[in-house]
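If you read the sequences in order, they're chains F and P.
Counting in my numbering, the first sequence runs from 1 upward without gaps.
Counting in my numbering, the second sequence runs from 1 upward without gaps.
No lab work stands behind these hints, which were simulated from the structure alone.
Owing to the predicted nature of the structure, the values given are computational and were not obtained by experimental measurement.
Honestly, I wouldn't trust all of these hints.
No distinction is drawn between identical chains; accordingly, a pair holds when it is met within one copy or between any pair of copies.
As the list claims (entries may be wrong) - Result set (BS3-like, lysine-lysine): computed pairs, CA atoms no more than 30 Å apart in a straight line:
(1) 67 - 110
(2) 14 - 44
(3) 133 - 14
(4) 25 - 65
(5) 134 - 67
(6) 134 - 44
(7) 44 - 69
(8) 173 - 110
Number of protein chains: 2
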Amino acid sequence: MRTNILAVALQLVKEEGWQSLSIRKIADAIEYSVPVIYDHFENKEAILFELSMDGFRLLDRLLEKDKRKYADPEERLRAHAETYWNFAFKNPEYYQLMYGLGMPCSSPGKAKPEFNSFRDHIGEAIEGIVTDKKSSDEETCFKIHAFWSVLHGLISIVMMRCSDIDDSQMNKKVMDDSVNAFIKNL
Amino acid sequence: MRTNILAVALQLVKEEGWQSLSIRKIADAIEYSVPVIYDHFENKEAILFELSMDGFRLLDRLLEKDKRKYADPEERLRAHAETYWNFAFKNPEYYQLMYGLGMPCSSPGKAKPEFNSFRDHIGEAIEGIVTDKKSSDEETCFKIHAFWSVLHGLISIVMMRCSDIDDSQMNKKVMDDSVNAFIKNL
DNA sequence: TTATTATTACTAACGGTGTTAACCCAAAAG
DNA sequence: CTTTTGGGTTAACACCGTTAGTAATAATAA
């Protein structure tokens with residue numbers, strides 16, 4: 001039942017955006033009355049929160065796959081960037097829930113570990129690259145944030161369609177370019 | 001009247017977040033009944049849209065001030081970055097409305113010029129820096145996007161409180177660091 | 001078998017939302 | 001003096017999140 005609610009909610013979010021998700025629509029879709037939903041979830045926010053957690057877990061699995069596939073930290077970092085990018089555009093509804101500004105479900109304290117999964121993964125890879133070179137912990141921390149920022153920022157800008165580059169292939173090239181420049185200057 | 005509605009709406013958004021803004025609350029605050037609001041705005045989305053436009057205009061004024069103050073493109077670019085950063089954290093409600101993912105008021109086509117004001121400003125500065133060096137139009141375009149991305153990304157990450165750096169001074173240092181690295185490698 | 005409890009689902013309501021149709025009334029125009 | 005206009009209202013519609021109260025059914029205890 002609980003999983004069914006989440007599955008249906010995700011479907012509705014995919015179809016009409018998370019803004020128009022309503023408890024009543026979920027109830028209709030699972031062919032139950034409204035209050036049964038409150039037997040399984042505290043409130044609507046809890047549903048969105050759980051959906052975003054599913055998103056974090058899905059992304060985490062993909063990153064773990066990269067980790068197993070690529071031992072070389074540079075290759076792994078490139079793979080992580082690609083994975084993050086593809087995840088965002090294949091699952092924009094998840095990405096908005098997970099990283100959108102002012103989302104009703106984002107409770108900063110609650111989901112810290114899941115929230116930082118991506119940061120931790122790229123952090124590991126970057127530390128792997130940087131280990132030979134002399135780089136203080138602070139510098140490394142800065143670099144991790146800078147890498148995450150450029151990825152997240154570019155994804156956001158493209159998702160909001162405020163990039164004047166319309167071609168998606170082109171946008172990906174911008175990302176690859178940024179990733180290359182970043183790695184070169186590590 | 002129209003300006004009054006917008007002023008009151010902005011005040012409410014500042015106090016309780018844009019999620020909890022309602023037409024009735026605005027009507028109460030301006031001491032009129034609900035339908036008068038619809039004499040001045042098509043719907044709620046139009047109010048949020050107009051607010052976000054005010055945000056774009058405010059940011060644009062600040063960037064224009066930088067432009068007048070700094071003739072040297074590198075100094076100007078640094079000033080623009082600082083201005084963008086400060087604008088975001090002094091006016092988080094504006095920033096969320098303007099650049100938030102999945103905002104109900106963001107209509108990609110409508111506000112393109114305002115949306116791209118920041119990009120255009122940093123674009124001008126970057127072109128000024130890059131003019132001596134050999135850089136194709138495409139490369140320059142990429143660099144502009146990369147610069148915007150790292151700023152917007154970092155602001156978003158810090159705003160969502162998913163940065164593990166709690167100190168705001170520290171976060172600004174990460175930005176300065178990124179800006180420095182970016183300019184050095186132009 | 002009967003009585004009691006627990007489970008599962010429902011209806012119906014409360015207060016709130018965006019939006020709009022219908023109306024009211026005072027001031028200006030004929 | 002009547003009519004039109006414009007600014008303002010009330011009241012409603014259809015939806016929303018949330019919850020109290022209830023009916024029915026299944027499981028358990030007597």
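Which of the listed hints are not met by the structure?
3, 4, 6 and 7
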